[in-house]
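Based on these hints, arrange chains Z and Y on the given structure of chain A.
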Amino acid sequence: MKTIEWGILIVNYLFLGGLSAGIFFVSALATYLQEDGQPAYPRIARYGAMMAPWPVALGSFLLIFDLGNWYRFYKLFLHFRWESPMSIGSWLLLVFTGITFAAFYAWLPEEARHRLFAWLPKRLAFLKRFDLDLSSWRRPLAMLGFPFSIGVGIYTGVLLGAVQSRPFWNTNLVAQMFLFSALSTGTAALILALSINRKSLDFKQIRFLYTLDICFITLEFFIVLPYLIHGELSVRAVQEALKLILGGPYTVAFWLFFMGMGLLLPLFVELWEMKPVLLARATMHHNKVLAAGAAFLVLTGGYLLRYIFVYAGQMSSFR
Amino acid sequence: MADKGKKKRYALVLDSKKCMNCKACVVACKAENGVPVGKFRNWIDEEKRGSYPRLLMTFDPGQCMQCENPSCVRVCPTGASWQRPDGIVLINYSECIGCRYCMIACPYDARYFREDLGVVDKCTFCVQRVDRGQLPACVETCPSKVRVFGDLDDPNGELQDLLSTRRYLVKKPETGNGPQLYYLL
Amino acid sequence: MERTLMDRRTFVQVTASGAAAAALASQLGCLKHFEKGKGGTEARELVVPTTCEVCPNKCSVLAVVDDGVIHKLNPNPESPRSRGMLCARGNAAVKQVYDPDRLKQPLIRAGARGEGKWRPVSWEEAWDYTAKKLSEIKSKYGPQGTVWSSTEGFQEVFFKNCGLAFGSPNIVRHPTLCLASVNLAYSATFGTVPAFDLVNADYVIMSGANRFEAIIIPDTMDLIGSVMLKKAKLVYLDPRFTVTASKADTWFPIRPGTDMAFILGMLNVIVGQGIYDKDFVAGYTTGFDKLQEHVQKYTPDWAEKETGIPAKEIIRVAHEFAAAAPRACYYSGRRSSWYQNDFQMRRAQAILNAVVGNWDREGGMVPNASIPMGEYLFMPWDDPTASRVDEIDKTFPLAAKGDGAYLKLRENVLSGQPYPVKGWMVYKQDPMNALPEQAKTLKMIDQMDFVAVIDFQMSDTAWYADVILPESHYLERTDPMEMMPGIWPAIVYRQQVVKPVYNTKPNLEIIQGLAKRLQISDYFDYTIDDWVKAQAKDIPVQNAFDYLQKHGVVVTPGFPKYGKTLKGDYRFITKSGKVELSSDRLQESGYDPLPVYKPPTEPQAGQFRMILGRRAYYTHANNTNNPWLHEFDPQNHLWVNPEPAQRMGIRTGDLLEVSSRAGTVRIKAHVTDEIRPDCVFMLHGFGKHSRWQKLAYDNGACDAQVLETSWDQVSGNAAFHETFVTIRKV
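So the sequences go chain by chain: A, Z and Y.
Read in this note's numbering, the first sequence has 1719 at position 235, and its numbers run on one by one without any break.
Read in this note's numbering, the second sequence has 156 at position 159, and its numbers run on one by one without any break.
Read in this note's numbering, the third sequence has 384 at position 299, and its numbers run on one by one without any break.
The set of hints was computed from the structure by calculation and includes no laboratory data.
Some hints here could point you the wrong way.
DEER-style ranges, computed between Cβ atoms [as the list claims (entries may be wrong)]:
| id | chain 1 | residue 1 | chain 2 | residue 2 | range |
| --- | --- | --- | --- | --- | --- |
| 1 | Y | D374 | Z | Q157 | 40 to 46 Å |
| 2 | Y | R401 | Z | V167 | 35 to 41 Å |
| 3 | Z | Q157 | Y | R732 | 55 to 61 Å |
| 4 | Y | K390 | A | L1717 | 54 to 60 Å |
| 5 | A | W1538 | Y | T737 | 48 to 54 Å |
| 6 | Y | E476 | Z | P50 | 43 to 49 Å |
| 7 | A | L1749 | Z | Y165 | 51 to 57 Å |
| 8 | A | N1656 | Y | R813 | 22 to 28 Å |
| 9 | A | H1714 | Z | K169 | 41 to 47 Å |
Where a beta carbon is used, it is the ideal one built from N, C-alpha and C, also for glycine.
Isolated chain A, as found in the complex (with noise of 0.2 Å):
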């Protein structure tokens, strides 16, 4: 019986955790990056130390509630099956999630974990001896990071390529995508992060999020090229799974939402953006609110990207 068992939750489950992984690897890169033994983005290192553990905390729990039994969740972590992508991938997420909330607790303000011991009722006051300065483990934890984000990044499309009986699915290039758009949406996170900021933008590390975003867009888009481009060589039931998005249910979502609005109109945008820079090594013009537009155009498209994956993979199927 054909059913669409993998939902909404799925959707924004594969799209959390992708942007947590996206986050927190530009982050940790910009906590890498040294310039005079100094972080050279320090802004871009805390926001986004700050923002990485929400989302794939958030995806987490809904991965649970999506569970028939959401309380056996812990069974995942009673074996280890190196078969199963999801079983990869949840000890992956159980990992990165701890790594994420170990660099949001390192790069806490001295002042914001002062307070936050302080909210602790008396009965819990011995717990005020983990209330320490953990700057220093920022740079380590950035690098064990590096490899758990790109992990959990590229699981979630690993997860669903693995799937042999879903033609639409069935490649290795939908963990590149996945991959791809994660850093990307991640980095768009973090643009409009700073673009909604009241502080005045430091044109330096805006730059450096342009720069890698471009790079990430450009990637994803010429493996969404090279993904069609195989499918349409492949057998037929790849080709009539393509149908989905050439023409199918999925067509208009796929190529005006995601393809246009979700990936070339902000490329352009932040090209136009960066044009100065670029062309002329002048100082980029920066406007916050077509910053914004973008960086919100490539978290929608990377959103959509996610939820056409989902439901047309579901959908697809060998005769």
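Just chains Z and Y, lined up with the frame of chain A:
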């Protein structure tokens, strides 16, 4: 089925031409296995072609293929889906967390979600009957005896006889799952 | 089909209720078997052999009872009739027992008829009330003022006897809604109704008897095996592309109502070219010369014009049929009548079978064999003194008198002639759905002073009744044994599998309670045990009663047996003692001695002929409320061929208004190539009035509302294909 110890490989051979779409197998399964209304462990696919008065109508019973290389077992994160040495793929309900990854991984859409138990369920070849030497409910109840159940590894069994002398096909062999339902041509 | 949270909730609601939960619990129990990775080997259950009652086939069943709850019904392989199968309906019978919608206690109507207001009462009150009402009618109109109608079943005999003992001649049974015309036609020809040896036939022709969707045991299983394993050829005539049509070697979408022309065309070829069985015709038949002359005018070219089947095809089939004989048969089927000349059409089939000499031969037609069985001798009553209200002696002199003529009976009750009938007792029957022209059935109910229904579920007729006496489900009671005659005769026994789940009673006890209050209890002074033990006496196996309790079915060796009637001086039970190709008896009664073709009425412009048919998972109107069956066809639709559909702008799913002289219904369209452009079809059993049939209530349309009253002129059997309808998009 009585002699234990000997290696077995349970499979079904189906002669779909004899299927009348009477649904006896579907209801027998429902009764035997307590399948909820609206859910099915087995089903009958129809194919219709042509225009009046040149028409074709064929029926194809389907259910879990009890694959040699089951993708559902592979993707299961907790090991709830497992395979017996005799090839029957089963679900350990107390280990199933209800993630439904196996449903998505099954090329035959043979699994369904049981809302009341929060677990995934599917055809078990009626192990509870087979282990007592009975036939699966769908096999037994069929008016035209479309299905033949047996042990592939039995050199003198009916399955070997049919598969040696008749042409057959398996469904979606390209997925590599190694389905163990053999459809006679 | 997206999974929703609502599904989850409704599922829990549905399964949480009462007995359904008990049944579910047992089913969940079996799930536990493979949790530990091994099947349970403990003997958890009790296996009770019994006999299915979901349709008239009487398949042998092994009921598996788990802790007092029926877990599963398995086929009993010992039956030579059901051949180790149990169909969807048979399997779904478990669901009926634990159906929260079924009748659970006696009810007396509290509101207006059909309003659905009921007062649960004790059995004593229900019996008292029924007896009082019947007695009132008896004192006012005589016992003939009541009609007792029923459909076949092992306990029908008690109901029928109660009617007779009460003094009513108006016993009306199902045959005139069923196969009376077939029975009469074969009896008129051979003196008996034979069975068809389909497992051995090489060539089978079938007019509309959709055997692969209307299951008859063992015919369905024998035929599908023979046909699909290429042992037999099947030629199938039907305006609809049924499953049987899809499996046939040749399907002719014949012009409806012209089957007789096809048969006469074949007879013309077979008789004219001398390829009939000369020895059989000479030795066993009478009237061949008349037949020879009679069929001369029915040439294949003529038949082509009538049937739409090419003459060369008719000639081909005739040649193949004659060549395959005696392993060839024109299968009679077991269907309701279609047209007013149905008897004569069946006669033509019988004659065709006779001339190719397939009588009592392997692969042909075989007179039914039987196994001896005892009889319980009860005290006889005086025969009713009044004549039947349907005047069957006058109207249908050749018909089986005891079964009555249902539609004629309804006409006479409505007209009040020859005398008024004011009480209606119904057993195991749903006349509201079974009879055409529902409006008239409703009128018949309306003019009754009293209507009582014995059933296990709230049928549409029960819905309009005054008293409902709930019968126990077949799995909850022990019934009389039954000898099933045939090529493979068998005696079957239905024994109680579980105690009644609700406050219901077997029909015998219902009748006994009533008989006591009608002062006729002397005639019912026995228990079901007395009855079955008396029956078991003459059965030729050791300890027959114990044997049947253990096995559920008795088979004796020596069957099938062919050629018994072809030996020496066998006398056919006809007037001439021979097979009557031309029948003097028919002539004396004012009918054609040989089948004379009369073309069917033509539909007028914009009209379609409404035809009926079956699905393998519904018995009549009985199981559309069974959730395990309902889900296969959750609603009925009107089948319309794409050609008229396009002309009228009708698409699948459009709501249509279907009208005939009998009434109008609304139903959604199903545009399909599987029907002739001049016909429409809808599945029976939907559009119910009874709100206690949740799934079928007001769902789809009821064919009985549209079908017109019409009957076969010789047998009085309802003719179901004589209705023309107009359709309109709404």
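Each hint, compared with the structure:
For the pair Y/D374 and Z/Q157, the beta carbons lie near 60 Å from each other, so the given range of 40 to 46 Å is not met. Evaluation of the 35 to 41 Å hint for Y/R401 and Z/V167 yields a pass: the beta carbon distance comes to about 39 Å. Under the hint 55 to 61 Å, the C-beta atoms of Z/Q157 and Y/R732, about 56 Å apart, fit the expected range. Against the hinted window of 54 to 60 Å, the Cβ-Cβ separation of Y/K390 and A/L1717 comes to about 59 Å, which satisfies the hint.
Under the hint 48 to 54 Å, the C-beta atoms of A/W1538 and Y/T737, about 50 Å apart, fit the expected range. Hint check: Y/E476 to Z/P50, Cβ distance near 44 Å, so the stated range 43 to 49 Å holds. Checked against the hint of 51 to 57 Å, the C-beta distance between A/L1749 and Z/Y165 comes to roughly 54 Å, which is consistent with it. The supplied range of 22 to 28 Å is broken by A/N1656 and Y/R813, whose beta-carbon atoms lie about 58 Å from each other.
Checking the proposed 41 to 47 Å range against A/H1714 and Z/K169 shows it is violated: the Cβ atoms sit about 21 Å from each other.
The earlier numbered hints that this structure contradicts are 1, 8 and 9.
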